[in-house]
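Line order of the protein sequences matches chains A and B.
When the count follows our numbering, it moves up by one through the first sequence with no breaks and lands on 113 for the last residue.
When the count follows our numbering, it moves up by one through the second sequence with no breaks and lands on 115 for the last residue.
Note that these hints are calculated values from the structure, not bench results.
Using N, Cα and C, we set each Cβ at its ideal position, and we do this for glycine too.
Incorrect hints may have been included.
If we take Cβ atoms under 10 Å as the criterion, some of the chain A residues that face chain B in the derived model are [to be verified]:
no., residue
1, 36
2, 43
3, 46
4, 63
5, 65
Pairs of lysine-lysine, DSBU-like flavour, derived with a Cα cap of 30 Å [as the list claims (entries may be wrong)]:
no., chain 1, residue 1, chain 2, residue 2
6, B, 41, A, 69
7, B, 38, A, 112
8, A, 100, B, 40
9, B, 22, A, 69
10, A, 69, B, 40
11, B, 38, B, 22
Computed far set for chain A versus chain B, every beta-carbon distance over 12 Å [said to hold, decoys possible]:
no., residue
12, 14
13, 15
14, 42
15, 49
16, 80
17, 81
18, 100
19, 102
Each chain, letter by letter, is given below.
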Amino acid sequence: DAKTTQPNSMESNEEEPVHLPCNHSTISGTDYIHWYRQLPSQGPEYVIHGLTSNVNNRMASLAIAEDRKSSTLILHRATLRDAAVYYCILRDGVNNQGGKLIFGQGTELSVKP
Amino acid sequence: DTEVTQTPKHLVMGMTNKKSLKCEQHMGHRAMYWYKQKAKKPPELMFVYSYEKLSINESVPSRFSPECPNSSLLNLHLHALQPEDSALYLCASSQHRLGGYNEQFFGPGTRLTVL
C-alpha cells in the first residue's frame, strides 16, 4: 500500500480555516484518498474521500493536486470540537483487499479559543 | 441507527484469564473489522470478516480468536494475553459493495489492560 506523510501536529485558532496537508508521492492510479479523524477517547470517524477532483461535504473540503501526489483537507471554520488526530489514508479502489484501512501516523490538530 | 456499540468499555484481566470483547451493529453491514490501537499510535488492522467469514487475518497471534456468529455481531475471544497486549480494541463495520466506497463506522473501543 502506498504511504502517506503528514505533519505530526498543527495548531489553529477557533473560527479560522485550517489546511491539513498530506503527501502521497507513490500514489497509484486506482488509489482513493481518504480522511478519517479521531476525537479524544473515541473511535475514528470518516471525514471525506476523493480520487481526482476536489470534493466538498458538510464536514470539510478535500483539495487534490493535479498530479495527485499531495492533497489538503480544509476545515473552513475550526471549532474546539475539531481538535482531533486527522489521518490521511490511501486505499486501492479496485483491489481494495477486503476494505482494509492502513492508518499512518496522522496529524494532531489543536484548536485554540 | 448508525452506531457501532462495543462492550465492555473497560476490561482488566490477568494473563491466565479468558475473556471476550463484543461488538454489535444494526446497519445491515456485511463487513466487520477488529483494530488494535496502542497509546499515541494509529489503529492497526487485526481481522476482517466479510459475510460472516474471516477474509483477512493480519498475522495476529492465536491468543486472539475472532468470531462472527451472525451479521450483526462480532466477538474477539482473548486467552493467555501478555501485558503488551494492553491497548484500545476498536471494532468497525461497513457495507460490502464491490466497486463503491464503503465508509467504515467505528465503535468507541474497549480499553483492555492485561496485568
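Tested hints:
1. The beta carbon of residue 36 (chain A) is positioned within 10 Å of a beta carbon in chain B (closest approach about 8 Å), and the interface hint is therefore held.
2. Hint status for residue 43 (chain A): holds, given a least beta-carbon distance of 3 Å to chain B, under 10 Å.
3. For residue 46 (chain A), the suggested interface contact is upheld, since its CB lies about 4 Å from the closest CB of chain B, less than 10 Å.
4. The restraint placing residue 63 (chain A) at the interface with chain B is violated, with a minimum CB-CB distance near 18 Å, outside the 10 Å limit.
5. Residue-level restraint check for residue 65 (chain A) is violated (minimum Cβ-Cβ distance to chain B is 20 Å; threshold 10 Å).
6. Of the pairs offered as hints, the one joining residue 41 (chain B) and residue 69 (chain A) holds, with about 25 Å between alpha carbons and a cut-off of 30 Å not exceeded.
7. Note on residue 38 (chain B) and residue 112 (chain A): the hinted pairing holds, with a Cα-Cα distance of about 27 Å set against a maximum of 30 Å.
8. Simply put, residue 100 (chain A) and residue 40 (chain B) have alpha-carbon atoms about 21 Å apart, close enough for the 30 Å limit, and the pair holds.
9. Only pairs whose Cα atoms come within 30 Å are accepted, and residue 22 (chain B) paired with residue 69 (chain A) is rejected, the gap being roughly 39 Å.
10. Between residue 69 (chain A) and residue 40 (chain B) the CA atoms are separated by roughly 27 Å; this keeps the pair inside 30 Å, and the hint holds.
11. Among the hinted pairs, residue 38 (chain B) with residue 22 (chain B) is consistent with the structure: their alpha-carbon atoms are about 19 Å apart, no more than 30 Å.
12. Residue-level check passed: residue 14 (chain A) sits 25 Å from the nearest beta carbon of chain B, beyond 12 Å.
13. For residue 15 (chain A), the condition that its CB be more than 12 Å from all CB atoms of chain B holds, with the nearest at approximately 28 Å.
14. Taking the minimum C-beta to C-beta distance to chain B, about 6 Å, the non-interface status of residue 42 (chain A) is violated against the 12 Å cut.
15. The Cβ of residue 49 (chain A) does not lie farther than 12 Å from every Cβ of chain B; its closest approach is about 6 Å, which violates its non-interface assignment.
16. Distance to chain B confirms residue 80 (chain A) as a non-interface residue, since its nearest Cβ pair spans about 20 Å, more than 12 Å.
17. Once the 12 Å rule is applied to beta carbons, residue 81 (chain A) is consistent with being away from chain B; the minimum gap is 16 Å.
18. Non-interface status of residue 100 (chain A) relative to chain B is broken: a Cβ of that chain comes within 12 Å, the nearest being about 5 Å off.
19. Separation of residue 102 (chain A) from chain B is inadequate, the least Cβ-Cβ distance of about 7 Å not exceeding the 12 Å criterion.
Going through the hint list in order, the structure does not satisfy hints 4, 5, 9, 14, 15, 18 and 19.
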